[in-house]
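**Student:** For reference, the chains in residue letters:
Protein chains: 2
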Amino acid sequence: MSLSRGWTRRLERHVPMLLWAKTYDKDTLTSDLVAAVIVTIMLIPQSLAYALLAGLPPEMGLYASILPLVAYAIFGTSRALAVGPVAVVSLMTAAAIGNLGLTTPAEIALAAGTLAFISGVILTVMGILRLGFLANFLSHPVIAGFITASGVLIATSQMKHILGIQAHGDNLIELVVSLFENQHLTNPITMAIGLLTVAFLFWVRKGLKPLLLGFGLKPRMADILAKAGPVAAVVVTTLAVFIFDLENKGVKIVGAVPTGLPPLTMPSFSPAMWNQLFISGLLISIIGFVESVSVASTLAAKKRQRIIPDQELVGLGASNIATSLTGGYPVTGGFARSVVNFDAGAETPAAGAFTAVGIALAALLLTPLLFFLPKATLAATIIVAVLSLVDFSILRKTWTYNKVDFAAVAATIFLTLGMGVEVGVSAGVILSIGLFLYKTSKPHVAEVGLVPGTQHFRNINRHEVETHPSIVSLRIDESLYFANAAFLQDLVYDRVACDQPVRHIVLMCSAVNEIDMSALESLEAINTRLKDMGIKLHLTEVKGPVMDRLKRSHFLDELTGNVYLSQYDAIRELQPQII
Amino acid sequence: MSLSRGWTRRLERHVPMLLWAKTYDKDTLTSDLVAAVIVTIMLIPQSLAYALLAGLPPEMGLYASILPLVAYAIFGTSRALAVGPVAVVSLMTAAAIGNLGLTTPAEIALAAGTLAFISGVILTVMGILRLGFLANFLSHPVIAGFITASGVLIATSQMKHILGIQAHGDNLIELVVSLFENQHLTNPITMAIGLLTVAFLFWVRKGLKPLLLGFGLKPRMADILAKAGPVAAVVVTTLAVFIFDLENKGVKIVGAVPTGLPPLTMPSFSPAMWNQLFISGLLISIIGFVESVSVASTLAAKKRQRIIPDQELVGLGASNIATSLTGGYPVTGGFARSVVNFDAGAETPAAGAFTAVGIALAALLLTPLLFFLPKATLAATIIVAVLSLVDFSILRKTWTYNKVDFAAVAATIFLTLGMGVEVGVSAGVILSIGLFLYKTSKPHVAEVGLVPGTQHFRNINRHEVETHPSIVSLRIDESLYFANAAFLQDLVYDRVACDQPVRHIVLMCSAVNEIDMSALESLEAINTRLKDMGIKLHLTEVKGPVMDRLKRSHFLDELTGNVYLSQYDAIRELQPQII
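Residue numbers (this note's numbering), protein chains in the order written: chain A, 1 to 579; chain B, 1 to 579.
Any given hint could be a false lead.
Under the rule of at most 30 angstroms between Cα atoms (straight-line distance), these lysine-lysine pairs were calculated in the BS3-like manner [unchecked claim]:
| no. | chain 1 | residue 1 | chain 2 | residue 2 |
| --- | --- | --- | --- | --- |
| 1 | B | Lys531 | A | Lys302 |
| 2 | B | Lys439 | A | Lys442 |
| 3 | B | Lys403 | A | Lys442 |
In short, the hints are calculated from the structure, not lab data.
The task is simple: from the sequences and hints, build the whole structure.
**Tutor:** Structure follows, in structure tokens:
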């Protein structure tokens, strides 16, 4: 009995669907259905557009919005996350596949599916190994910089569809040069459709809702209508092409999109292709996971719910494996659509499954209607969507707060724009970690004295404090480990190499969270050297876990001075000896 | 005038020779000459032996011990460091060149010279860019583990010369398998020479000096005679081969060594070769620099002198460029010979220059005498030298002190033995940094209370302390940065999600040395969430540099509680409000 309950719990942890399915009722169903309808309307043009961005046929965007949503509904832990193709991952997919130099559509589709499969396997394995914490090593500013730079890249890459010309490039410079070279080929009608759609969509975002509210519509209804803006643009521009025969006037259209449910597909298992795609798959997994988790946890917090990062990895992994088996390409949790899903009242991941049904119906019934849809309209929806992600204020914020963060963000933005998404995000991660290590290798050390009338010690350069010439109290503001062990030695030797008659060095260890073996050797060397000079070494405020470890070494036996519970105890005991 | 003095100082900083040359006198000269003679005697067999270990003709070992020493004397800052071919770098050279699959001696010599040149350029550039601190990222235990494992590898690789058979391999398993496969071909006379020499050299190390002292010799003289042990072994075994015609009985000999000064050589500038050798050159530079600096700073400390790591990079870089231009291979400061140089009384780097003259004389005059020198004798000197470096006690020490250090050391030893020096040392560095980051991403957090009768706060689980149910004081034992920002949020939310009527969360920041942008965003999120729950957030003991930065953000304006100078102030103020 208890065994079976234990099994149920384990199963529930790995298949979170079982948890919410138990209490699913008619009210929840209604909420989820309403949300699903709204997200479906939003997702149809987006799916087509992001497939275009990824350099894939439009139907792959639809296929990527069906089975992955069902897989996430079963394995994911967020109640509001909407999974599918997203802008940044689509751009990264385009970059990854562009590297391979493929030519036939079949090869490109196979590579995209394989990339999704690799990414799905990586995510699932990371989830099983509980490596969700690795995502923490991307700092927030680096992610913000990366998203902003990617937005600029994506918007620029779509300008070719707005102008109706050719342009290629993985980075901003190549793209801009390529656009300028071909700008004399601009098709005026395409440009008119593109720019009008962009203007219309911006107006829908900012101006339509207040207008509808002014007409007396209910806020909820006004919201839904405003979200349907891209659908209206799709309908109007498609009709315009059809009626005025604009295709023969040079306007590029989507053309024939296969009708029917997603096909069953198999990823490639060729070692050569895995070799070429693995790093890209890893980067897509990391970026997709970070983007998805940050959206999911923001939304969960609003309802006092929680997401489980390791299980999220499994959920996203399952989604990507599902997309690779059903003709799609890499997916993750999207920001805009998840917010819409949440605002529309989605209560459980079932809303995602219902959305999948909606998209499947679209794939079955609507694709013939998309024949005359201009590519410029899709490009316009992408541009408007990604420009809302562009926010260079992170540069100003980090500049005032912390130059190290600023350096990481600036490098990420610069390299993403100048050398493409893969170089940009790799550099951001390496730089964040490198700068952190550099900082800890040269720690801040303050000489401290007693704040009069208290038992509290502060920096002698910042506060009015009492000191004694024969006692030097140093507060080390960093854990002591291999990277700063040598620094500590130099620092102490420099401090005692003066005319002052120093008799005691007191290391205040309130900020020392760790003393590793290398640092222990340095402390031993300092102790021996000071002993030769007739100076005693004392430690104060050593934390429990650090003290436990010191007790396991010989250091405390050899220490010339004492270990005091508090800095105040040390000074109270040492000062009378001298006076 | 002052301009010219400024220039002189800058020149002196970059050419440290100018500093000691000014006060050079007859006494210093005598000391340096005596040291040079002793080191020369020691270095002749060592140079030949290490060239053999590196898979190079013996004269390259001599050439690597001439001009590099002069270059270091000009640019180096250590007064006692003896530069030349060393065991670990020779093994790494063998591994690097072995990867290239070269066959002719000329190609191999060119590759070795190019490797030295690449390493010289890397070291010099690092010195100019003041990147000496990078060496700190190799933790002491990882270096100790690497040296020990390399010692075992080197000793094993020399067994083939002792047995007079063929054996190949970059790692312990390959070497041992290869030795076993060919052991039936063992040449008994070679083995006798090899094992007797090993036994003799061990006895010289341990037993000869006490014996000589017993005969009434002065300690200094006894020391010099003991150091000449390898030379005696070379002379005796060479004579034995010559007299008993052992060459025709299968004993492998050194054979013809060209007579004369080092030739002028040019490294290769082929991009393909640089591409293949660059990573090896980088690893050799790092390992060589770390080994050299640790010896140099130990010796400098004994005389209250100091070395300048960035200038040491330039000194070693100049040595390696010099070796590459004069028929040598990568060099660095050696442990054993530097200690001998120091003990023999070397006062300035001029001792190194005099040693260079000694080796040059040997290259001019002694090489014909080396014709009958058995390779087994050289192998025996290597084995005895490296086994003194092997010290597995680092495993026990780290096991008792710190499991994280233990993991890094064990992995370094295991991978060096199992997969070779390059994989071993790379893994050691990556693992040291990775484990440090992992640790800081899940920091120790203690809930603290007041130690009665003091103003001091300690962990409630370790000490008898006073607390109040409505105030939760958390001491965070780590800097707050991107890798643990999410962890902090979860931790605080978990702590307040209980039945206890928490009204105040006090974060004691005495151990928080840094709050980066990501962590600031987490603190803002925590503040907002706690505000919704009617809980105030307070900070205490925030350090100066951290506080400066917080003041530049909006966080302090939004903070629901206060920032207190000390934890005691906070509790004194908050407690009455509640009572």
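**Student:** Each hint: holds or not?
**Tutor:** We went through each hint and held it up to the structure:
no. : hint                : result
1   : Lys531/B x Lys302/A : holds (14 angstroms)
2   : Lys439/B x Lys442/A : holds (19 angstroms)
3   : Lys403/B x Lys442/A : holds (25 angstroms)
Violated hints for the displayed structure: none, as all numbered hints are satisfied.
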